[in-house]
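Colleague: Sequences are here, hints too, so could you generate the full structure?
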Amino acid sequence: MEDRTIQQSWEDLANAVILQAREDYLMVCNQLQRKPYDRKTEKERRSLESFFRSRWCATLSAIDGGELLKIMKDQRRSIWKTNMYCTATAAN
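The numbering of the sequence shown is our numbering, which starts it at 1122 and goes up by one.
In case anyone wonders, no lab produced these hints; they're calculated from the structure.
Even for Gly, the Cβ is constructed at its ideal location relative to N, Cα and C.
Among the clues, some could well be false.
What the hints assert, rightly or not - Per label pair, the in silico range of CB-to-CB distance:
(1) 1196 x 1156: 14 to 22 Å
(2) 1184 x 1155: 27 to 35 Å
(3) 1132 x 1198: 26 to 34 Å
(4) 1185 x 1150: 14 to 22 Å
(5) 1192 x 1156: 23 to 31 Å
(6) 1187 x 1148: 27 to 35 Å
(7) 1187 x 1141: 33 to 41 Å
(8) 1126 x 1167: 17 to 25 Å
(9) 1158 x 1133: 37 to 45 Å
(10) 1160 x 1126: 43 to 51 Å
Claimed, not checked - With a cut-off of at most 35 Å between alpha-carbon atoms, the simulated DSBU-like pairs for lysine-lysine come out as follows:
(11) 1191 x 1164
(12) 1191 x 1156
(13) 1161 x 1191
(14) 1161 x 1194
(15) 1194 x 1164
(16) 1156 x 1194
Modeller: Now the structure itself:
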């Protein structure tokens, strides 16, 4: 294998780890929306947030994990507000 191909493979793997953590985080947040006091799910959420703020995440990607976490939280808040508005509008 060429050096570039090996490097690209490692970068692809690192990106896949970040993307999977993102998907896991969004899934856990959805679960907590349905069951806000589920301790196991809350522990998983905290673990994923810790990952995004970690040196490991920074090593895997040039993307700032803390900034990505903030963006995901903002998107979730926006979606939640939109859903609440649609629900309230439909009820009237």
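Colleague: Would you mind marking each hint as holding or not holding in the structure?
Modeller: Here's how the hints hold up against the structure:
1. Our hint of 14 to 22 Å for residue 1196 and residue 1156 holds, since their Cβ atoms are close to 21 Å apart.
2. Checked against the given bound of 27 to 35 Å, the beta carbons of residue 1184 and residue 1155, roughly 29 Å apart, stay inside it.
3. With their beta carbons about 31 Å apart, residue 1132 and residue 1198 fall inside the hinted range of 26 to 34 Å.
4. Against the hinted window of 14 to 22 Å, the Cβ-Cβ separation of residue 1185 and residue 1150 comes to about 20 Å, which satisfies the hint.
5. Between residue 1192 and residue 1156 the Cβ separation comes to about 25 Å, which falls inside the hinted range of 23 to 31 Å.
6. Range check, residue 1187 to residue 1148: Cβ separation about 20 Å, and the 27 to 35 Å hint is violated.
7. In this structure the supplied range 33 to 41 Å is violated for residue 1187 paired with residue 1141, their Cβ-Cβ distance being about 18 Å.
8. For residue 1126 paired with residue 1167, a C-beta distance near 37 Å fails the hint of 17 to 25 Å.
9. At roughly 38 Å, the beta-carbon separation of residue 1158 and residue 1133 lies within the given 37 to 45 Å, and the hint holds.
10. Between residue 1160 and residue 1126 the CB atoms are about 45 Å apart, so this pair conforms to the stated range of 43 to 51 Å.
11. Restraint check for residue 1191 and residue 1164: satisfied, since their Cα atoms lie roughly 19 Å apart, inside the 35 Å limit.
12. Restraint check for residue 1191 and residue 1156: the C-alpha separation of about 22 Å stays at or below 35 Å, so the hint holds.
13. Of the pairs offered as hints, the one joining residue 1161 and residue 1191 holds, with about 22 Å between alpha carbons and a cut-off of 35 Å not exceeded.
14. A hinted pair counts as satisfied when its Cα atoms are at most 35 Å apart, and residue 1161 with residue 1194 qualifies at roughly 20 Å.
15. Only pairs whose Cα atoms come within 35 Å are accepted, and residue 1194 paired with residue 1164 is accepted, the gap being roughly 17 Å.
16. Annotation: proposed proximity of residue 1156 to residue 1194 holds, straight-line Cα distance about 18 Å (limit 35 Å).
The structure fails to meet hints 6, 7 and 8 from the earlier list, while all remaining hints are met.
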